[in-house]
Amino acid sequence: MKIEHEDLVRLYEDKLPALILDEIRKEVPSSISKEKLKIVLEEVYAAYTTAKINPGECVGLVSAESIGEPGTQMTLNTFHFAGVAEMNVTTGLPRIIEIFDAQKTIKTPMMEIFLNSPHNQVDTIRKFAAKIQETLLGDLVSEYSLNIFEQMLRLDFNQSLLQQHDLSVKDIVQLLKTKGKGFTLQHDDRSLTFIQKGKSEDVKDLYNLKEKLRSTKVKGIKGIKQVLPVKRENEYIVLTSGTNLRDILELPEVDYTRTTSNDLYEIFEVLGIEATRQVIINEVYKVIEAQGLNIDIRHIMLVADTMGATGVVKGITRYGVVSEKASVLARASFETPIKHLINAALEGEVDYLTSVVENVMINQPVPLGTGLPGLITKMK
Amino acid sequence: MSRQVHKKIVSIGFGFFSPKQIVDSATAKIVTPELYDREGYPVDGGLMDLRLGVIDPGLRCKTCGQKLKECPGHFGYIELARPVIHVKFVRQILDLLKSTCKLCGRVLIPDANIKRYTSSLDKTGEEEGFESRRRMIKEIVAKYKVKDKCPHCTTKQEKIKLEKPYNYYENDVRLSPIEVRARLEKIPSDDLAIFGFTIEHFRPEWLVLTAMQIPPVTMRPSITLESGERSEDDLTHKLGDIVRINQRLFENINAGAPEVIIEDLWDLLQYHITTFFDNAIAQLPPARHRGGQVLKTLANRISSKDGRIRHNLAGKRTDFSARTVISPDPLIDMNEVGVPQIMAMSLTVPERVTTWNKEYLRKFVENGAKTYPGANYIIKPDGKRKTITAETKAEIIEELDVEYIVERHLIDGDIALFNRQPSLHRMSMMCHKVKVLPGKTFRLNPAVCNPYNADFDGDEMNLHIPQTEEARAEASILMLVETQFISPRNGLSVVGCIQDAITGNYLLTKELVLSPQEAIDLLYSCGVNDFSSLPQKQKIDGKEVFSVLLPPDFSFTGRDKSGNEVVIIDGQLISGFMDKANLGQESGLLLRNIYERYGAAYTADLLGKISKLGIAVLSRRGFSIGISDMDLSDEAKEQISIALVKALDETNSLIDDFYAGKLDSLPGRTMQETVEVRIMEALNRARNKSGDIAMRQEGKESAALIMARSGARGNPLNIAQMSAVVGQQALRGKRIEKGYKKRTLSYFKQDDISPTARGFIKNNFKSGLTSQEFFFGAMTGRDALMDTALRTPKSGYLYRRLSNAMQDLKVEYDGTVRDASRKVVQISYGEDSLDVSKTKGGVVDVKRIVQSVMGAKK
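Chains as they are written, first to last, in the numbering used here: chain A, 1 to 380; chain B, 381 to 1238.
Worth flagging that the hints you see were computed from the coordinates, not collected in a lab. Ideal placement from N, C-alpha and C gives every residue a C-beta, glycine not left out. Do not rely on the hints blindly, as some may be mistaken.
[Said to hold, decoys possible] Here are the computed distance ranges between Cβ atoms for each label pair:
1. A:T310 <-> B:S391: 21 to 27 Å
2. B:N493 <-> A:E274: 33 to 39 Å
3. A:T310 <-> B:Y1177: 52 to 58 Å
4. B:E565 <-> A:K378: 55 to 61 Å
5. A:E274 <-> B:Y1177: 28 to 34 Å
Isolated chain A (complex conformation) (with noise of 0.2 Å):
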C-alpha cells in the first residue's frame, strides 16, 4: 500500500480495531486508487458493524457453555507426550482444571527458554543446558559409606559424571567447606572422608549430614530438574521440567522477551498479572489445540480476565472468582450456602439482585438480553 494513503486509514482508527486496520494494509494491492481503498474501508466497516456483538448479551454465559460443552471430549489422561516425544506435559482435562482452578503447585511444570542470538545454534546450546540443571551432590555419588567406628562418612565419585558435569573433586570441597560443621574434611580424586570430631554418642549426625550432603546443589539452578534442548523454527531453546523464572531471567543469556514458564504463580510474581493472563490463554488454547478442539480465542480470554480482573490471580472456586461476588443469593447458590448466609447475616448485607441467579430465584426478569432495557410508555 502507498504511503499517501496512509492518511485515510488512519481515519478509522477509531472506528476499526488495529489488528483489523493492520489486515488491510497487507491485503490491498500497491497500486490501489484512493477512491476503491475508501471504498474498501467502507465496506470493512460495515461489515464490522454487522458482526459487532449487542449490547446484553451474556457472553460469560457463552464462555463458560463454549469451555464446558466440550470438555467431555476431552482426555482424561494426565500424561501425553509432547512434542519430540520426550517430556512428559499434564494436557487435557486435568490441565484445564489446573489452570481454572489457580492451583499454586501444578503437577508438571516446565519452562521454554530462549536464548539470545549468539547462544541459541546447536554447538552452545547443549552447554547451556547443563549449566542451567540442578545437580545434586546424591546425583555424582556413586557410593557412600558409613563407618560407626571410626565415625567417618566416605563418598565414592562416578568419575565419569564428574567429567560429564565438568567438575573435579577439588570444585566440590570447595562448596562443602561450610557444610560440615562437627567434622573434618578429607580427600583425594575420586572420594571425599568426613571425620567428625571429637567423640559423640550419636550415630544420627553421620546419617543427617550424609542426607544432607545428599541434597546439596553442586551446580546448576534450584528447581530445573531436566533439560532439553529442542529445535523450535531456526534457533534452538531449552525446555526444562521443574521452573524457576526469576533466576533463568537473570542469565545474560536468556532472551526475557520470550523465556516462560507453565506456572501462573510464578509467571504472576515475576512478570504480573497482564503476562499471567496471557499464560492463562496461551496455556488453555494449547491444552484445547492438542485435543482437536475447537473453541474461539475470545471465550478464553474472558476466563482469563475474570480470573485477573481483581490484579491478583482467582481461580474459578468458591474461594476464588465465586467468593468476589457482590449478591449473597448468587454465592449461597454455588457453593456452601450456610455459610454465605451466616456471614451475610452478621455483617447486614444487602443484596440488590443485580445478577441472574437471584433473580431467577424470585421470579423475575434478569438483567441479561431481553430483560436488560426498561420500557416506559403511558397508558391511557
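Keeping the supplied structure of chain A fixed, place chain B upon it in accordance with the hints.
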C-alpha cells in the same frame, strides 16, 4: 384491558432479629409440646397452633383469616428457660470473647491505636470480605495480648478456649451461656464497629438465644397417612423436643431442683436447639427418628444439590411442558417439531378473543376438549377459569365474547421450545414450530440432532409452550433453529446434512445419470415445482439435478473431502462431488457460503431440500451394506499383507537390536522406552497404510466404501479394522503391559515383547479374532469406558463452576464487559468487540471484501 401492577423486588437485606423482635413478630407463644387434642384439633399454644397458619383444608388461620394455600403462615416463639448458644455463631462468639476485656468489655486495642486500625480494617473488609477482616482483628489483638492486660482497665485477661461444638472454657473453667451472654452484653456498640458489624441492627448478645422463633406450620406441613394417622414433619418433631425440654427446665427451676439436674436439662436443650439448626455437626451425634433415620433440619433443608436453593429456587418446575421419546422424520422441516396429537390436545395456547378472531376461536370451543383442534378452558375477563365440557359447552359458546381468553389446543405453526438434557450449550434449547402428527413420539429432522446431541436409541426430549405474546416473540426471533446455525463457540455451523443425505448427494453428483422423468420425480419429491432450469436432454446428469436447487446467481469454488476442486458457476455445479466437506456440519463450506449470502431462512430451506433430495436418491437407487462390502480385491489383499509383513519384520529387527543393545535410544529415553515407541510407530504406520489401501481399491464400489468416502459414516480406520487389520491396542498411550508376572496373558512366555504378545491384533473383524486378541480388545474397550465414566462428572463440575463464576458478565451499552457489580472485566469484548456467531471463524473477512472491490472495478 385490565391494568396490571407489577411489584418489583429491589433488594433483599440480611440481618438479625433481636429477642424483642422475635417476640413482637410472633403471633403465638408456644408453651406445650402437645400438637392436637382428642378430637384431632390443633391445641392452642401448641406447635400446630392455628395462629401459625393452616395446613388442613376447611380450617381458617386465626391470624389472617385465610384458608389453606392462601395463608402464608406466621411465626411463633418460645421463651427459653435458660439462654442457649446458637451453633452457627460459635466462632464469632469466640472471636468476640477473645478480643474483648472480660471486665469492661472494651476491645483489647489501646484507644490511641483504634482509629489507625479501623481504617486499614475497613480496607481489608471491603477488598477481601468479612472473613479476612475477622482474621485481621485476631492478629491485631494477638499483638496486644502479650501484655495479658486490658489497655483500658488493666484487668488481667485469661485464655479462652472453644471446645467444639459449643462449650467455652476460660482456664479450664466452663463459661455457661449466661456468662457468655453477660460478657457480650458489655461490649460497647462503638467497639463493635471495629469488627465490621452494622451497629444499628446488631448486638452480640443476640448470638446467644433467649427466645427462639417457631417457624410457621406451612413450612413444616404434616402428612395424613392412608390409615388416617398423622405423620409430622422432621422440624415439628425437633421443635416438640425443644418445647418439651424447655418446659421441664422451667418447672425444675421453679421447683428449686438441684443444680445437677438443671445443668443436664440445660445441656439437653442446647443439644436439641443445635440439631434443630443443623443436624450435621461433626462433633454431635445427629438426632434421629425412632427408626434410626436422620432428621432433616433447617441447614440440611437449604444446602446441597437437592436443598431449597439449588433444587427449588434456582431450578423451577413448569406447566405447559411435555416429554416423550424422539424419533426421526426427514420429511418435516428443520425448524419444525412433530408433536403427537394426544399431547397437542392437552398442551394449550391462550388466545384472547377480539372482534376479528371471535368466529375462529368459537370453532375451537365448539369442538370441545375431546375433538382435535378444540379448546380446554376459557378464562373470563374477571379472571375466572371455566372448563369446557359437554355440559358447559353451549353456555360458554353463548357467553364467549371479546376480552375472553380461549385456551385452545396446539395447532400447526404454534411456537414451542424444544430441549434435550444435558443442556450444555444454548443450542440445546431451540424454538421449533409445532407440527401435529399421529403417533406418540416427538419427531425431529435428523439435521438438528447435532446441536441437541440427540440420537434415536431411546432418547427423550422436552417441549415447552410459551404462554405470552412476549415470550413467543422472543422465542421465535432469538431462538428459532435457523438463528442458531452458527455456534458461538467457534463460528462454525452446527447443522448440516448427515448420513443418508450426504451419501445420496454424493452418489447423485458423482455418478448418477437420470432420465427427465426420474429427475423431475426426484426434484418434486423434495419440494421443487419449477423445473425450468433443468436442461432439455434425454440424459440428465446428477450434477444438473443438484444444480436446480442452487440459487441461480451463486458462484463458489472450494474443495471436496478428497481434495478435488468443487466449482459452481451461476448456480451450476460444474465439477466436484457433494460430500461432507461441503454439506456436513462444522465444515459445510458450501452451506456456509450460502448462509452468508442468502441468510438463515434461505439456508434452512435449501438444507431441507438438499437433505430430502439425498434421501430420495438413495430410496430410488437402493443402498445397503453387507458382509461382502468388507471383501478385499486380491490385489489389495496382497498389498496389505506385504505392508503388514514389512512392519512385523521391522519390529522383529527392532527387538533383536534391543536385545543386542544396538538400538540408539531417543534423547531423554531409555532403550526400553525407545523400542516401545518405535514398535508402536511401525505398527500404526502399517495399519494406516492398509486402511488407505482398502479405501483406494480400484473398481470396488461397496456401500461401506461410499459412505466412508463421502464422509457420511465411517472412516478409513473403520474400514481397515473390518477388512484388513485391527491393529495395535493401546492402553494409556502405550502397548499393553504386563498383567501377569512379566507377561500380558498366561498364554505367552515371560518377557515376550513381540507384537502379538503385547496387544497387536493382526486379524480383522471380518475374519474374527483369536482368544488372546479378543482379550486385548476387551482391555482397551474397558479402559475407554472407564475414562468416559470418570470424565463426565469432572468436566461437569468444571462447567458448573465456570458458568457460576461468569453468568453475570454482560456487554454494556458502552461496549465494555462488566460483572453484576459493574466492575469492568474487559474494555471491549474479546479485544475487538466481535460476536463469534456473527463472523466466519471469529474474523471479519477482509480478503474477500478487498477482492470483491478490486474485482468489481476491473
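Hint-by-hint comparison with the structure:
A hinted range of 21 to 27 Å holds for the C-beta pair T310 of chain A and S391 of chain B, which are about 24 Å apart. Separated by about 38 Å at the C-beta atoms, N493 of chain B and E274 of chain A satisfy the suggested range of 33 to 39 Å. With their beta carbons about 23 Å apart, T310 of chain A and Y1177 of chain B fall outside the hinted range of 52 to 58 Å. At roughly 57 Å, the beta-carbon separation of E565 of chain B and K378 of chain A lies within the given 55 to 61 Å, and the hint holds.
Between E274 of chain A and Y1177 of chain B the Cβ separation comes to about 29 Å, which falls inside the hinted range of 28 to 34 Å.
Going through the hint list in order, the structure does not satisfy hint 3, though it satisfies all others.
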